[in-house]
Amino acid sequence: MRELWDLYLAFFRIGALTFGGGYAMLPLLEKEVVEKYHWANRDDLLDYYAVGQCLPGIIAVNTSVFVGNKVKGLWGALAAVLGVATPSIVVIDLIAAFLKNFSDLSVVQHAFAGIRVAVAALIVSVIFKLFKSGIVDKLTLALFIVVFGLTLFVSASPVYFVAAAAALGVLVKKGGKKA
Amino acid sequence: MVYLQMIWEFFKTGLFTIGGGLASLPFLHNIADRYDWYTHEQLIDMIAVSESTPGAIGINMATYVGYTIGGAFSSILSTLALILPSFIIVSLVAGVLNRFKENPLVRSAFYGLRPAVCALIASAGWGVVRISLLNTALFSSTGKLLDLFDLKAVILFALILPAILRWKKHPIVYIGAAALIGVVFQL
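These protein sequence lines are chains A and B, in that order. Using the numbering used here, the first residue of the first sequence is number 969, and each one after it goes up by one. Using the numbering used here, the first residue of the second sequence is number 2, and each one after it goes up by one.
Do not take every clue at face value.
List time: in silico BS3-like cross-link candidates among lysine-lysine, alpha-carbon distance up to 30 Å [stated by the list, open to error]:
1) B:K153 with A:K1097
2) A:K1038 with A:K1097
3) A:K1097 with B:K102
4) B:K102 with A:K1038
Calculated directly from the structure, the hints in this document are not laboratory data.
Whole structure, please, built from the sequences with the hints as guidance.
So this is what it looks like as structure tokens:
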């Protein structure tokens, strides 16, 4: 019971501090899930993002369900996903009811210009950390560079990159050596 | 009755959206075409608010659209309906994933997956950096290199990134400070 409550609150905090899409959530996941509660490690997070990208549903929800599920099965997944959605429901309902011109307010625009910079810096910092767990040899470094380069010039669904990279992993390692 | 229709529409949106929250936009526009629940103009306003409030954009939009259709209760239903397909599918996949995690083939697949996902995250990070630090529209009209950079934002970024790497405080510290600096210095 205690753990479910912790999950709900941790994901409530994550939801309340995510500004942007599912990727903006990563620095918060790293802090709460990996560093604070040790519910999952960085490899797990990368795996959840990889698989979550290819499954139906928005990334933020999919990742929350993965982490919750790992900690406490179906109930854990429910606690995490309700936690991550609660701040949205509260904040959006309040704004919709009382402050329809919210995004036109100049104070909001200035605050948000600042927040975007912080989010950019937080994502960059989390990339440094994830880089260490994803890039382990020359081949994975090459794969990183190729995929990164492709995303800059080709606007294809990430699903294709993920599928191709997984296939390459299987071909190279053939399930043999310890990956 | 409108609730049931709405739940069904959001369930489908949750089921067919793959990726970030903005990927659900075509479905929300499509709903606007087929029902008189909200207009396309209203949807654009709702996107603006969803992007400038806390919470993942996809969840915010489901909540806002639900509220527009029928108030607070309806916003809870629409959000839960959007989440439900993910909840079912990811829970099933998580069960399978846990069972086969030590399987050598699965491990090989993840060996290739992790760097690719790192690249996707880095690419998303580059997108946020570009939007928050660079002024590409102004640059392409004037052609002056100095116009490319949003100077105040670049300075804030240069201060905040080392702080994050050095002190490892909770992200709320940096987000709160940056919001305040944004207001004070009219970023």
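Hint check:
no.: 1; hint: B:K153 with A:K1097; in the structure: holds, 27 Å
no.: 2; hint: A:K1038 with A:K1097; in the structure: holds, 21 Å
no.: 3; hint: A:K1097 with B:K102; in the structure: holds, 22 Å
no.: 4; hint: B:K102 with A:K1038; in the structure: holds, 12 Å
Checked against the numbered hints listed earlier, the structure breaks none of them; every hint is satisfied.
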